[in-house]
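Under the UniProt record's numbering, residues 1 to 206 are what the sequence shown spells out, in order.
The hints are all genuine.
Computed Cβ-Cβ distance ranges for the label pairs, DEER-style:
#1 Leu84 <-> Gln55: 36 to 46 Å
#2 Glu19 <-> Arg63: 56 to 66 Å
#3 Arg102 <-> Asn67: 52 to 62 Å
#4 Ala117 <-> His64: 53 to 63 Å
#5 Thr92 <-> Glu118: 26 to 36 Å
These are computed hints drawn from the structure, not numbers from a lab.
As the structure is a computational prediction, the values presented were derived from the model and not from experiment.
Beta carbons: idealized from backbone N, C-alpha and C, even for Gly.
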Amino acid sequence: MSDPIRNPLDRQPSSSSLEQSLRMLNPPQEAPITIYPGPSSSNANLSKADLEIAQRLETLRKRHNENIPTEEEMASRLAQIKGLPSDHYIRTQPAYQRPDTRSNIEKSDDLLTQVMAEVAIDAAAPKPEDELEARLARLRGDEHHRGGASAVPLEGAIALPPPTIANSIPRSYAAPSQSRMDNSIGDDLDDLTLDELHEIFGGVSH
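Go ahead and model the full structure; you've got the sequences and the hints to work with.
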């Protein structure tokens, strides 16, 4: 028989020694300690004036964060500015659309009616060229302009006489003025002799 004390192979380590050796090989990992810097740590080396400024900035920052409106409040304000209900942008729009049960003939009739209504609106709207013609006709005093409608004189407008043949003649072909005629007669009289002048004035006096 072998002696277990003398034979090292026969000796078995105890459970306590195994646990100690395992702990030494693989020590348990502890959670890391995180240190968050507080407001006092950053302001520790500040002067009194700088510390007051930092405190004011911190107070303003807190007030600003508290006064930020939510998305619902901004949507409500936008709806009120545009004159819409306050929940116009907040409420969910219905995704369901009512199916069109009209027949093809009814759809074509409705489309034709809509087009005719739009054409009538465009025709009733005043056109710039018609307004210009009406104003010119009122200024000239014409009773009927190109459209055939009666001209209504504007308040405070001066009615001009209608264009005549004399007015339509260009100025280059118009008759000379009285002053020009007098000047031409004077030039002709200077070229006449005394006998011719006597005959002219004598005929006038008789």
